[in-house]
Amino acid sequence: MKELKVLAVVIFFTLVTYWGVEPYAHSVMHKHIEEAKFNNFQYKDLKPVAKGNPANGKTAFAACASCHGLKSQGIKAPMDAVSAASAYGVNPPDLSNAGAVLDEKFIANFILSPTHTALVKKSGMPGGMASKQGAADIAAYLKSIAPKEVKPKEAFEFACGRCHAVHYDKWTQIGQTPKTKSDIKTGVDLAKLDFEKKVGQYQLKLAGYLGKLPPDLSIIVRARSEEYLKKFVENPQHILKGTAMPRVGISKEGYEKVYKYLEEVGDPSKPKREAVGPWVIGFFVIFTFLAFLWYKAQWKGLK
Amino acid sequence: MAHFDLNARPFSHQWLNDRLAVDTLKRVLSTEYWIPKNINFLWAMGMVLAATFGVLLISGIFLLMYYIPDTKLAFDSVNHTIMGEVGYGWLWRHMHGVAASVVFLIIYIHMFTGIYYGSYKRGRELIWLSGMLLFVSFSAEAFSGYMLPWGQMSYWAGMVITNLFSLGSLDLNGLVEWIRGDYVPGQAFLGRFFMLHVLLMPLIIMALIVLHFGTLRLPHVNNKDGEEFDFEAEAEKWKAGKRKESKVIPFNPVFLSKDTFVLGIYFIFYFYLVFYHFEFAMDPVNFDPANGLKTPPHIYPEWYFLWSYEILRPFSKNAGLIAFGFAQVIFFLLPFLDRSPNVAPANRRGLFSIWFWLLLIDMIVLSVMGKVPPMGIYTTIGTVAAWTFIILWIALPFITKAEKTVRGHK
Amino acid sequence: MSDRRDFFGKMLGAYAGLGALGALYAAKRTWDPLPSVKAGGFTTLDLSNMQENKLYVEKWRGKPILIIKVAKNSKPATAPNGNDKNAYDDKRLITVGGHKYMIVVGLCTHLGCIPDYFPEKNKFICPCHGGQFNAAGEVLKAPPPSPLVIPPFKITGTKVVLGEVGSEYKKLKEAGVVA
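Chains as they are written, first to last, in the working numbering: chain A, 1 to 303; chain B, 1 to 410; chain C, 1 to 179.
The reader is advised that the hints may include incorrect statements.
Unchecked claim - Here are the simulated lysine to any residue pairs, SDA-like style, with alpha carbons at most 20 Å apart:
id	chain 1	residue 1	chain 2	residue 2
1	C	Lys59	C	Asn49
2	C	Lys28	A	Trp279
3	A	Lys303	B	Glu245
4	B	Lys224	A	Leu7
5	B	Lys294	A	His30
6	B	Lys26	C	Arg5
To be verified - Under 8 Å between C-beta atoms, here's a sample of chain B residues computed to sit facing chain C:
id	residue
7	Phe62
8	Glu85
9	Val86
10	Gly87
11	Tyr88
12	Gly89
13	Leu91
14	Trp92
15	Pro253
16	Ser257
17	Thr260
Calculated directly from the structure, the hints in this document are not laboratory data. Ideal Cβ positions, reconstructed from N, Cα and C, are used throughout, including at glycine.
Assemble the whole structure, with the sequences as input and the hints as a guide.
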């Protein structure tokens, strides 16, 4: 029993040290977050909008189509990504999946006043492109044509993928890195060089527009906590004042998709880790039990 | 010439005995290597450390197969190839990272056990000194290993720690550049720290482990009461079958059986950390790739370096460096600063007992203050704790000189 | 008493051995080729627009692949073993889009050097030990013990995917042309 007391002392000092250098120190380091500013992607600060009419929205979308594509409805974007970035700083997204990933109220507010809604100083998107009712109609239209279910990666591509690369998944700001082949004699891969040049041109424009190149998100799930990422995406300015990251107005379901994708890329061993863990620990529990029997047998009658 | 049994079958027991003295080896190294019986689980920490070093060595071998020591590729070779592509690469990395952190917890427990029971004097000075050399080598090994993933913490820790070698106002920038092989941590830096981590430091550590075991041989392992007795006489009692009366037990199997039990409990704890609680050892900041144009908002060393880092922080540049140097060497001097002849547990040694617990608490305070940002009240607490550390060590010879002889000890 | 004490030790040792086997399995998996390496084990050859009797070189799984669109008359100029039959009639050739092609791994079956092609002689000569092959990869002169190896392939239109097993490859296998 004396030994258990010694063990208790060791555990006590170990835990105090752990508590001090981990939870306590990190709570001091990281600014306290005002929970009230976050409401699980409800965007309560935005004004509610009138009920939109999808049919009217379809007509009104003509104005949007001068910059945005809508592939699912057969509307192609007027410019390729690099030219669009030259013109606007960033490539205006194809809106086929907008209704599936973004919050409807946010879309309408964004059409009316992009900078106020996205909480940024400037936006490539002009404001006042539609009346209040028109904005609601367009939002309703986008919602009506959106697929019921988008894949995690599609959600990411639409919401994040024009500014953030994920090179562990070969994703660049202008799309998936194509499979190319180098010339067998010289080793030159012109198609690859061409693509890289385009990515570079796009990134330069994007960095010029935002002030810096947004980070690659390949392992962002290991670099930032789940809680941090969620809050940052919901309201970037409250977490990192002055950041160029806009509030993208993602819905709760949309965010869950994005996070799922980021986790699959950034922590691919998680399922395996969680499957193997119990076996290894179970092995050592039995090991310890057998060792205990051995120890008891060896020490019997020694004291 | 020794006697050889010419009829012995090759590789039979007799044959091996004639050539390798396997029976003698087994006797000397295991079945008749005597350990005092009067011990507790803290005496198993040496085996726990040896096992953890084994874990580090084995997991390190597998990491080495896909790690690329190139500043452009290192980060992805660790975080993409090893963590995502290599079969069980994630397991080796988590085991390696967590063991590197946990090994210091055990080292500190091992050290404080030695201090508490006075296991560093009266013939055991070299055990302590070789142990301290191991501590320093492990620190160098841990630091060089921390550079390899080439994340933000790697880069900036490399920057800050190598800058210490400018030695304050001496401004030895040439020395700093020589250590780095560049103006900043770059390819040359990564290459040489890679070499240190996978070759030179492990060789030194392995040599020191052998030395550490060697220094134990003559003075023998200490016991819970610091009691001195005749090991040979006690061993004779054991061999005569007086298991109860003898004060010693053989390393194998008696001591080993308990060690293995402790080891089992330790591995449950360790693998729990590996699978479910690894963030403390694998700092999220280091999952951002190194960027020489942007310092992370908070930089701090791994937890086991925090106390000595904090001793550096509250002072001006030069004084801080001197204090830091003091913290690095002072533990080496323990056997000579403790002027008392008593080999006894601290709780029987009057003022020394207070000194021991104060030192432990002070180092924990220093560690916590080393991690929180240096501002306001934390700076004050840090400064007080740093001075307390220094004063404690200056006071040690006086406290121990005045110490009364503990009853039952000469 | 002593037996009982030892028994537990032995049991523990055996159990620890089980754990070591588990660790060995993980180690074996670590040593396996990476998924990206496995996924990269396919090469697509486009056979349209090839000239007859000209050697084309490609790469598949790091090895050179030699391709010749075999001309109607591909009789080797000389054949040391009297084996001078026309390569065009060889059953080792692969027919794609009405043309016959030799597609082989370009490593001599003797010791792995790359044989040189001499179009005017319609044959390969290995620079290392003088082994010779005709334009279908058959041995004309030792030391190579067997014809140049045909990699697994699958024909899709005028393209051939190396690394995949198609029906034509299976047929060659059934006929005993490839091992």
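Okay, the hints, checked on the actual structure:
Straight-line distance between C-alpha atoms of Lys59 (chain C) and Asn49 (chain C) comes to about 19 Å, which keeps the hinted pair within the 20 Å bound. Under the criterion of a C-alpha separation no larger than 20 Å, the hint pairing Lys28 (chain C) with Trp279 (chain A) is consistent with the structure, at around 18 Å. Between Lys303 (chain A) and Glu245 (chain B) the CA atoms are separated by roughly 8 Å; this keeps the pair inside 20 Å, and the hint holds. For the given pair, Lys224 (chain B) sits about 15 Å from Leu7 (chain A) by alpha-carbon distance, which is consistent with the 20 Å threshold.
With a C-alpha separation of about 18 Å, the suggested pairing of Lys294 (chain B) with His30 (chain A) holds against the 20 Å cut-off. For the hint linking Lys26 (chain B) to Arg5 (chain C), the alpha-carbon distance of about 19 Å falls within 20 Å, and the restraint holds. Checking Phe62 (chain B) against chain C: minimum C-beta separation of about 5 Å stays under 8 Å; hint holds. A distance limit of 8 Å between C-beta atoms decides the matter here; for Glu85 (chain B) the minimum to chain C is near 5 Å, and the interface restraint holds.
Among the interface hints, the one on Val86 (chain B) holds; its C-beta lies about 6 Å from the nearest C-beta in chain C, closer than the 8 Å criterion. Hint on Gly87 (chain B) holds. Least Cβ distance to chain C is approximately 3 Å, under the 8 Å limit. With a least beta-carbon distance of about 4 Å to chain C, the hint placing Tyr88 (chain B) at the interface is held under the 8 Å criterion. At a threshold of 8 Å, the smallest CB-CB gap from Gly89 (chain B) to chain C is about 6 Å, leaving the interface hint in force.
Here the hint on Leu91 (chain B) is kept, as its CB sits about 6 Å from the closest CB of chain C, short of 8 Å. Interface hint at Trp92 (chain B): satisfied, since its Cβ lies 7 Å from the closest Cβ of chain C, which is below the 8 Å cut-off. Restraint check, Pro253 (chain B) versus chain C: the minimum CB separation of about 6 Å is within 8 Å; hint holds. Proximity of Ser257 (chain B) to chain C holds as hinted, the smallest CB-CB distance being about 7 Å (cut-off 8 Å).
Hint on Thr260 (chain B) holds. Least Cβ distance to chain C is approximately 7 Å, under the 8 Å limit.
Hint violations for this structure: none, all hints satisfied.
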